[in-house]
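> Below are the chains, spelled out letter by letter.
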Amino acid sequence: MSDHPHEHEHDDEHSELGPMDLRVRALESLLTEKGYIDPAALDALIDTYQTRIGPRNGARVVARAWVDQAFRDWLLRDATAAIASLGYSGRQGEHMVALENTPEQHHLVVCTLCSCYPWPVLGLPPAWYKSAPFRSRAVADPRGVLADFGVTLPDATAIRVWDSTAEVRYLVVPMRPAGSEHLGEAALAALVSRDSMIGTGLARVPGGAP
Amino acid sequence: MSYSTHADLGGQPGQGPITPEPEGTPFHADWEARALALTLAMGGTGSWNIDMSRAARETLPDYARLSYFQIWLAALQKLVEARGLASADEIASGRMQQPARPVARVLAAGAVAATLARGSPTERAVAAPARFALGDRVRMRSEIPDHHTRLPAYVRGHVGVVERLHGVHVFADAHALGLGEQPQWLYNVRFDETELWPGQARQGHTVSVDAWEPYLERA
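Here the protein sequences come in this chain order: A and B. Sequential numbering of the first sequence, starting at 1, is according to this note's numbering. Sequential numbering of the second sequence, starting at 211, is according to this note's numbering.
Isolated chain A (complex conformation):
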């Protein structure tokens, strides 16, 4: 290549683009030219999952359940409808089940077969959720998995692992932390981390680290 100045220039022109960027660009331009896709729809899809649909949605659901007993009962009875009442519905959340953590029982959600995850309330899954270590270990060694997240549960707390093997999607309702009695719904939602709604974390204590 070094004795081929033109090719070298060509490489430099794209020096910031790696092979994956080039592969995806080539496919996008081909599928656009064929008329199968609308590139503006791709922008809208990306914007949706970067800015509109993410774990703050689920945090609002949890905070509502903490302050509103009737909503909490509805959520546990028919999560799809209760969640839709807050405006969250659709793709990868068509059939929702909410799982309430208690001192006696802690829920942990995994998808050992791929990456099934409740998109309308949590957005797209983090990289670790899709990784081989989490998918393989969650069902056999949940306490070891929790330790990787810095979470230690009492021995007396039973762990229930839910493997999302069909089209039902699970949302964990973490326990409301001590010291949060005086907080309103918005402040409570800020305590609800993404991981606490998967079961790999707990809700934050007011005034604690983010």
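For the record, the hints were derived by calculation from the structure and aren't laboratory data. Heads up, a few of these hints could be off.
Said to hold, decoys possible - Computed Cβ-Cβ distance ranges for the label pairs, DEER-style:
hint, chain 1, residue 1, chain 2, residue 2, range
1, A, VAL205, B, ALA310, 49 to 59 Å
2, A, ALA158, B, GLY390, 32 to 42 Å
3, B, ARG305, A, ARG77, 51 to 61 Å
4, B, SER330, A, ASP78, 16 to 26 Å
5, A, ALA40, B, ILE354, 41 to 51 Å
6, B, ASP299, A, GLY35, 17 to 27 Å
7, B, ALA302, A, ALA158, 50 to 60 Å
8, A, GLU33, B, ALA324, 18 to 28 Å
Said to hold, decoys possible - Quick look at which bits of chain A chain B covers, simulated, 3 or more residues with Cβ under 8 Å:
hint, stretch
9, 21-35
10, 62-70
11, 92-100
12, 121-132
13, 143-149
14, 181-192
All C-beta atoms, glycine included, are put in the ideal place defined by N, C-alpha and C.
Model the placement of chain B on the given structure of chain A, informed by the hints.
Frame of chain A, contents of chain B only:
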């Protein structure tokens, strides 16, 4: 046996630690976002269904060494080629050499929000009573099917208890094969750790899977 999945990871030994990450963008590179959007938009053409997508991904020979969105992209290319929507040469060059084939729909930017909010519900009307009831002890079938399935290897042959009835849902195995929806009762079946991992020190946990009726037999 010709069908081979590389995605059935539950309980596989020898895995390392998990790397937690803070909330933030779900993408680690621009191309990942484009690959996701391309996959969703092409899914919107109706050329295949989600179970066919999962089958295309889990059978990639190099699944274990690809990153997650590399898997999505490779499966997308495989499906586009398999449906005759583009040739391997076209995919490699990024240039159209043959006319397009008709597709059922094209997802327009203005339709994205409504399409996502609607989703693709899989629950169907009940046509026959459920064979199993809450509390029934059931054994998961042990034979390994020669096609896409959603029964993980780590529960095959094991006995659990029916904990929930989720209603009647599109049967992934049939749907992935292009045999229609063939809706079946879907159950949540819960297993004790000692049933699944008998040699292991107790952790005080149970595991449940969602399983269609054809996966179950009375224990």
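> Each hint: holds or not?
Now the hints, each set against the structure:
no.	hint	verdict
1	A:VAL205 to B:ALA310: 49 to 59 Å	holds, 57 Å
2	A:ALA158 to B:GLY390: 32 to 42 Å	holds, 40 Å
3	B:ARG305 to A:ARG77: 51 to 61 Å	holds, 55 Å
4	B:SER330 to A:ASP78: 16 to 26 Å	holds, 19 Å
5	A:ALA40 to B:ILE354: 41 to 51 Å	holds, 44 Å
6	B:ASP299 to A:GLY35: 17 to 27 Å	holds, 19 Å
7	B:ALA302 to A:ALA158: 50 to 60 Å	holds, 53 Å
8	A:GLU33 to B:ALA324: 18 to 28 Å	holds, 26 Å
9	21-35	holds (count 13)
10	62-70	violated (count 0)
11	92-100	holds (count 5)
12	121-132	holds (count 9)
13	143-149	holds (count 4)
14	181-192	violated (count 0)
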